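*Asks:* These are the residues of each chain, in order.
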Amino acid sequence: MSQRPSSQPLQDNTVRASIAFLVMAGLLILIGVTQSWALALTILNLCIISALMALGVNIQWGYAGLFNVGIMGFAALGGLAMIIISMPPVKEAWQAGGTRVLFALLAILATLSAALFVHKLLKGKRWHGWAIALVVILGVVLSRSILDPGVTAIEAVNPASTGYLGGLGLPVVLAWMVGGLLAAAAAWLIGKIALGLRSDYLAIATLGISEILVAVMRNEDWLTRGVKNVTGLPRPVPYELELQQTPWFINLVERINAGSLAGLNSNEYATVLQSLVVDSASIFVKLCYTGLFALVLIIILQLCVLALDSPWGRMVRAIRDNEVAADAMGKDVTGRHLQIFILGSAVVGIAGAMLATLDGQFTPGSYSPLRFTFLIWVMVIVGGSGNNLGAVLGGFLVWLIWVEAEPVGFWLMDVLTSGMGDDSGLRKHLLDSAQYMRVIIMGAVLLLVMRFSPWGLLPEQNRQA
Amino acid sequence: MTDFLNALVVFANFVFIPALTYGCQLALGSLGVTMIYSVLRFSNFAQGETMAFGTVITIMMTWWLQSLGVSLGPLPTALLALPVGILVTSWLLLATDRYVYRYYRTQRSKSITFVMASLGVMFIMNGLVRLLLGPNDQNFADGERFFLTADAFRAWSGLDEALVIRTSQALTILLALILVGLLFWFLQRTKTGKAMRAYADNENLALLSGINPDRIVRITWIITAALATVAGVLYGLDKGYKPLAYYNLLLPIFAAVIVGGIGKPIGAVVGGFIIAFSEVIVTYAYKKVLTYLLPPDLAPDGLVQLLSTEYKFAVSFVILVIVLLVKPTGIFKGKVL
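Line order of the protein sequences matches chains A and B.
Counting from 1, one number per residue, gives the positions in the first sequence under the numbering used here.
Counting from 1, one number per residue, gives the positions in the second sequence under the numbering used here.
Chain B extracted, bound-state conformation (with noise of 0.2 Å):
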């Protein structure tokens, strides 16, 4: 029993905590280009590098106020720069919006050419984000590091192995619950929120009913900005910020979006949550766990890992790929041309 137990405390502590905060991480990212999908109608290849640029500006502003003796004490101080994070990125988002896919909205041009002109403000960002903190990793996370620490699980439970929270996974998955609450609360029940809805399932019928299309466009981005605003801090506290690490997070949110089904929100959640969990279960060396599982004769001699750390790409791509042969339309069946 106490192995199996501890097999449990194992997983949970390797598989279960880190993929349920990427899953958040991912979900958080996911929505935003789902929102953007939904009443702008294109894929936005420059999420990754938004979620980088709001990083870059909370950092600044977490350094700037750790220069002035400001903390939160057990909280990290990004938590109180987030919000001047938030408004930089909502502004350079409306910003493109007004100088580049504005244009092709009134031109009524094709979906890609938006996705083209994502992919050039997308490097513009790029550059921006490097501009402004350098290549370099970095890492921004103070205040209290664990949640739950082990030597305090170890001593309640009297288990061999811990289980471990730190304090960047609990408010990951705090904070994911409140701003995914709010998002779908403002979505169901203000007005705006349903103008927003009408205006992505029928744009002339919106229209039609006076809805003003600029405002709603001007919403989008900047819930966008917040959520992965949000997101891309909550990923460098938790793994540290690194520039190309936001750029790799593209294909799994991608993944995530299409196999919720493309402009549904729900869906992007779920999708994240599935991508994030199949990521880590798969690329995950499962030794520890089956040692305490299985009799001591039977104990794998190798890892047991299913697929090496590096190509955790080929998961979600192989999540996509399926969904694209089975099911395009997705889980909650999102647009599909």
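So that you can see chain A by itself, here it is in the shape it has in the complex (with noise of 0.2 Å):
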């Protein structure tokens, strides 16, 4: 919150922190033993995920008191990286229609640079606005009539399986990469436009701007295949059905399970290493993703904690705390606010696109404001906005309890109305309303700790103090 009440605390965070991952690590160590451990490397990876972009989002508001209500638009980008990276290229279909859309991609860029010349040209007249309508339509008509064959072609090559374009075929390391550059650009855009006028704006641009992407995901068959998804993304760690055939990997689960092993006659001995083997590598392989999205993790939360202790830091907190002070200083208020925007979506992009690799496919009717938007809100908001490991503590306890409540939300419906019969209408709404009480838990949550702990679990350390 860029307003700081007077009573908070200003004791350091390190003890706090310690404690809170602690007891992070110790809930899921409980999930891992009660449930299952595959259970608890999965909420793991997840809570990962969300950490990093609930610090994409500190970025931006707890830096700079920015207010993204886009983060689904921004995290639905990375996810069309890993598409238009990592998926192999669909050969018949660009025999089909790559040119088409290569071209009409060039009669869009066409439009624009034309539209700036007019721009340009006509400033100040009065037909200026018009001319620009017209080129406009012209080119969205030129680029309609070169693109709509290529789609259509596109779109009938194998439809079941394919039917649109495919990727580049590049590794998956490079596909979270674009999938920043791409969440930047069109953060790019956005604060172009709405940056520099009232704070509002940028929420209801954002809010827009998310839409939009999202429905252009769900339409355009020809580029994420639309309602019908894309699976089978490319992973950077092995799969379970090769890691269950290699060589190295069964001597290693029979080396560790040698003692539950011992004392079996041969016949059970198989069947029992084949289940061990089974299931080791499920959990191998997300243990190998933990570690992948726990470097990422790292390193940008390091780039963070760097960022904020360097002069820029200094800056960017002192135009949060005063921006017309800070701009009586010299300080390039707009433009500072733009850079850390397009950062901020940036991180939120990547973290995206490790989530369409987590998931092994890209779903576009899966992306939902509350999942995506709402939910990093209220990681930042309870785990301490402006606090880069706050972010993360926020990212980490939110998820869990998230994941963790439709369970138990359950549990507590169905033990409370035990006393209604199995047929009973009441008892068999409130059951099916469980998920919804979620949603309202959460709500109040955000609304809670906004207003009595604005500051969060892990407090913004006050330099000034």
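Everything labelled a hint here was simulated from the structure, so no lab data went into it.
In this text the structure is predicted, and so the values were computed from the model without any measurement.
Cβ atoms here follow ideal geometry from the backbone N, Cα and C, with glycine treated the same way.
Treat each hint with caution, since some may be false.
[To be verified] Covered, in the sense of this in silico footprint (three residues per stretch, anywhere, with C-beta under 8 Å from a C-beta of chain A), are these stretches of chain B:
{"no.": "1", "stretch": "123–129"}
{"no.": "2", "stretch": "270–276"}
{"no.": "3", "stretch": "303–311"}
{"no.": "4", "stretch": "316–322"}
Assembly of the complex is requested from the two constituent chains, each provided in isolation within its own frame, with the hints serving as guidance.
*Replies:* Here it is in structure tokens:
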């Protein structure tokens, strides 16, 4: 929160942070012991991705007080990058309509530059606006007439399994970076338009762009297969089925479980070992993801910490705490805001690409503002806005609660209504609505934390004091 | 000549009337946002869900009335349930003000803090709406379906094409006219309305002249609740109740408010119509209209649709962007920082 109440605690965060993260680890271990280790690792992986998204939003909100209501769109752009960079190209589709698509893109670029040219040429003239409108309409008609036959041709290529252009077949890690770049480009566009005006305008503009981006991904089948989803995204880690055949992996499992395998006859031995190998393969793959994601998180977190400690970080905080004063000192407020908005969105884009990698598929239908915008906001506010470690903690904690709230809520409703008969309409209604309770509770948590503890679990360290 | 008239009727039937109806619904929704903005000085992200909430209460009341056998004859029973919807929604909005926004008002927080709080309220309402009525679509329109039927129009005009006006469309236009008229009369002529405008214009001067700020805020919320509920119910009668549709109205509503000029009631109404007409005009497929207008050998093969309906968000967004770039104060010179 940009307004810091005077009662803000100024103690050192290190102890608090260590305790909080130890509690987090304890909770995950508890899930591992009581439910299953595979589940605990799945949750951990999503926790890391959530933390990364929260970190990106914290850059925008915590450093600069920029309110981004379009996190969903930036995360979806990351997923799109996974398709266009790492999926193998569909050669027939490229032959069928690839050139047309490329020419249509050229036509769109030409339209944009023509519009800019007309804008510069006719500035101040009365028919300035009409001339630009004419150029844009002509450009739209031209690019649509080039694009549409190409799109039809592409979507006709084996629609059940492809029907889209595919990607470039490049490594997954590159796709993560491109995801960041795509999100940064979208952020630049929005920032250029909405920054420097009322602060609410940025919120409204981000809401709009995220809805449009997701609509494009849902409907442009030649690019993303739309609601048919792109499955089987390439992985940066080995596949479970391959691991189960790999001798060194089987040997490793055998050695680790030597104790429990001893004393079984050869027949039992083979079956038990087989099931152990299957379980361990899935855990091993998840661990690989955990390591990879944690590496990205640590790198970005470290960069954030360094940036906040630098003169740049001090300038950014000065702008946040008093824009007018910073402006008077000659700081470029809008320029800094644009920079921060782009950086934060890029981090969200990277996280979005990582999420698509983890899911192994890109499902445009699954991007909902509830899961991708609102939940991330709860993470940032609960964790402690302005504090990088706080955002990470918020990401971990809130995701864990979000995931576990549904079974717990369901169980609670089940226990509370167990007195009613199984065919009771009210009982059925209450059981069905357990999932909506979770939304209400999250909304309440956001409002309560904002009101009673606006500095969150890990408050920002006030360096002035 | 007949061809031209036929084309005109098709245009009126599929573009003009739907856009006019949708424009009325948007105008009512936008008026709520603009009122909140001018008095409480923040963009209320919960407006869409407020509309949904009002509709849900009205639907539940309608069902109860229907189960008692009450009906309004040719008019939808929902009209009878509407006051209850408005009442419950007012109560909910006053409660959010009491427990959420009032604290930030006394703290004199930045407007962005209010916006964020409204996002929290939005999601609570989102859950509440689904908790009450479930996530499914509901149809609660009853009574006479058409105000002007296709047969009646054909018999009257002798044309091939027919102009059809549904009861919900006629009702929307009528109710919107009445409500907007009432609101402007209230703001311009009554003492409370004048006090409200004074408060919106200059808070300190208004306080100095003895205006009670709490009362102004309360009345603003009640008016917003009434407008939002009516807009939501009319939208639901017209297009069927879909929980997600109300969230999706948020962008057109904000675009309408900004186009007209934030904080200007007349701007919200004009903005609502601009957005609605642009959306329908750009996403309508003109094949049929052109077939009548052009000679047969020039008749179009395709749908002649500028933009598919899935991209109707893009229309509001593009208009929003143009306004932000060209004239951030909007048509009627609203507030801008």
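*Asks:* A separate judgement is required for each hint: does it hold in the structure or not?
*Replies:* For each hint, the structure was consulted:
Here the stretch 123–129 of chain B counts 5 residues with a CB under 8 Å from a CB of chain A, which clears the bar of 3, and the coverage holds. Beta-carbon proximity to chain A at under 8 Å applies to 0 residues in the stretch 270–276 of chain B; the threshold of 3 is not reached and the given coverage is violated. For the stretch 303–311 of chain B, the proposed coverage by chain A is satisfied: 4 residues have a C-beta within less than 8 Å of a C-beta in that chain, meeting the threshold of three. Chain A is given as covering the stretch 316–322 of chain B, and this holds because 4 residues of the stretch bring a CB closer than 8 Å to a CB of that chain, at least three being needed.
Hint check: a violation occurs at hint 2 only; the rest are consistent with the structure.
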